[in-house]
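Trainee: Protein sequence lines, in the order shown, are assigned to chains A and B.
With my numbering applied, the first sequence corresponds to residues 1 to 703, in that order.
With my numbering applied, the second sequence corresponds to residues 1001 to 1155, in that order.
Derived from the structure by calculation, the hints contain no laboratory data.
Computed from a prediction, not measured in an experiment: that's the story for all the values here.
Using N, Cα and C, we set each Cβ at its ideal position, and we do this for glycine too.
Where hints are given, some of them may not hold.
Here chain B is said to cover these stretches of chain A; the calculated rule only asks that three of the stretch's residues, wherever they fall, bring their Cβ under 8 Å from a Cβ of chain B [as the list claims (entries may be wrong)]:
#: 1; segment: 296 to 309
#: 2; segment: 348 to 356
#: 3; segment: 462 to 474
#: 4; segment: 659 to 670
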Amino acid sequence: MNNPVLPQSLKTNPQLDRWVRFNADRSVTVFSGKVELGQGIVTAIAQIAAEELDVALERLAIVPGDTRCSPDEWYTAGSQSIEVGGAAMRLACAEVRQLFVEAAARRFEVSPTELRVNDGAIELPGTDLATSYWDLAGEVSLARAATGAAPPKPSSAHAIVGTSAPRRDIRAKLAGAAYVQDMELPGMVYGRVLRPPAQGARLKSLDQAALRTLPGVIGLCVSGSFVAIAAAREEQAVAALETARGLALWEASEPLPEPGEIAAVLTALPSTRTITSSRHTPATSAAVAWREATYTKPYIAHASIGLSCALANFEDGKLVIWSHTQGPHHLRAQIARVLGMAEDAVEVVHRDGAGCYGHNGADDVALDAALLARACGRPVLLQWTREDELAWSPCGSAMVVKLRAGLDAAHRIVEWRHEIWSHTHIKRPGWGEGVNLLAAWHLDPPLAIPPAKDMPLPAGGADRNAVPLYDFPMHEVAYNFIDTMPLRVSALRTLGAYANIFAIECFLDELAAAAGIGPVAYRLQHLGDARARAVIEAAAAAAGWKAGGAGKDARGMGIGFGRYKNLSAYCAVVAQIEVAEKIRVTRAVAAIDAGQVVNPDGLKNQIEGGIIQAISWTLKEALQWDRERVTTRSWGDYPILGFDEVPQIEVVLIDRPELPGLGTGECAAGPTAAAIGNALWQALGVRARDLPFTPERIARAMT
Amino acid sequence: MAENFKLRVNGREHTVSAEPNTPLVYILRNDLKLKGTRFGCGQGNCGACTVLLDGKPVQSCDTPLWSAPGHEITTIEGLGSAEEPGRLQQAFIDEQAMQCGYCINGIIMSAEALLTSEPAPTDAGIAQALERNLCRCGTHLRVLRAIKRAAGAEK
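Please put together the full structure from these sequences, using the hints given.
Mentor: Below is the structure:
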């Protein structure tokens, strides 16, 4: 029976023993479907569990993302891990605690309300009556469905939630083996994949016999246009890959669309137009003037420091894959489908990888490793190359955003039209029909590349955050969905929110300037949401906001605001910049309202990181391609922000412990981009509307 | 053809057998099981695989095995362990200077070289020493704080 109050994760995985286990050594293990991506979530979920169970953090272990035992919690994505995963863990643990307290009360013949739980001991204060979770484990079965009826603690009683508990994974990572890349199994070999030289190119011939005689080569998996090589030593696999590159003959493919300015590329492709959101309330005043502007964002790369990697092992007819996937259960189902295996014959176990900012090559490489392990009958640790990481893993979709505002005589916005041209922003394995794994499309016979389907509002895909949070009496969001994707795209941190917030918030500054009203004041004139107003005011105050027109001294201050997905955390960012040959962000001040904060330092870390990554996107990043392939192949082709380029950052947290926790991992990106764009106006008096703001673009905008 | 090479790593002698052009990073990780050195790009561009050769930071992905004998190699494991972290590792723990952490060990090795030659570096000096280290999660400010903290701890 589904209780409507249960968070999605508990509805999908109602059994309490799927969440909590008491161990004979008086420790507790909790199981989570949310996985560590570098965002500190494992620490935060452990805090929530320890808080509700009333056990010391040190006593509690957490097993994230293991299909053998962890709950299926969809993907670790969309800033949902605290909102949904944390909420489910909280309710499950509260119920477990209640069941044990009731059992103790029966044993002591007292009321449950008289008992206290203290680090797992259940005591009747003022007496020596005491038992514990472990003593009662035989009496209380957790093989039962959660009801959601046990009330979690009020925030006023929190002792662990709300504290900056140190990250649980730091020490191991600073010392030695800690990532999937570091795993070893007896008899393990090293794998590499030879990708086609161009997108869609088909393998015509490959001298497999020659490859098999190379030093150390143990096995090959060649099927259709999929080529993987296993060798006894890693450098031998790398050398064999290079030899294979020379031996393989390929058939050319359909050309990619001509590269060029994003607005020209995207609007030239066929699209279907849908109104995805509209609002029409009786106008209090009529529009007498209209303004419009068009903003663009290029295709951008995840560009994680580590490469996609997986370890696959067949044993007794069962396949186990260790992977840095965001969705172990989805990956398991998709791989079982490709390999023609029963789903329960495949297990996916999460192991940490390098930073994950969305759907990267983690899932693809898991299938690569499984295919090669099956072909050569050995455990395979397979890792991608940097070239393939940039060229073959999904990237973030490019976007064109055209905004048009109708203004009344008092310069108030009374009409707002937001029109998008973009592709899907999600094409994960398990999202929509078919199999979204790269190798599956290259095998013989190939699986068809499934049709693209974007995420609908309210969360939205390309139109994430396109619906204005401002109180405009009329708005309309039109989405020109482009099915033809020159580059392989899928989910990258914020989906469409980065470009939409960038566009909305820069356009608001343009309108404010035209109205002769300060950017902060103009926003507040159109904004009734008290929490939204509070973060804007807090960021402006902390930054020492100075209203001003277009400056001429090459220094500027700008603001941007957004509530991520219009559902998650509120965030305002003020950026200060200096422009010489290039733009330098010297200071960023962010104010965040994420409701109840589980781990303040962890949240600050996410905001600092989100701001720095967004500065990098905004100033530097764009994937390049030609008619055949992605031509971005190395860090030299894809510079990111360096240590000599990072600003000072201050983060103001507006803690609201009485309100539900809101996801924060992605909230800073859009506001940061807009703040930089608006600061550029103050600094130079130019409106830069095409990302990234490279020196060439700025020079062009100034002429 | 594989040849034998004698390496001195973290104060210990090892003999390894591999093809002479093998990048040192694979030897450290796979032969000597020193997994704390991360493989990032294999192009010498990101700094994740930074180790010290006679105290100087090098990218072990583009350091061939044949060039390593006769030098003192230091990896992150030579600075401390999870149980007994070295001063830089401890400073990174104290500052919680990590998101995914994949770049951090390479950064610590660059910082170790810096602090040896310049015990009280300026902010600009630290940024310069990290010129060849990339971080994608955006942990830069904590990293800079941690290095300054480690430098201060030396006084």
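Trainee: Each hint should be assessed against the structure and marked as holding or not.
Mentor: Results for each hint:
no. : hint       : result
1   : 296 to 309 : holds (count 5)
2   : 348 to 356 : holds (count 5)
3   : 462 to 474 : violated (count 0)
4   : 659 to 670 : violated (count 0)
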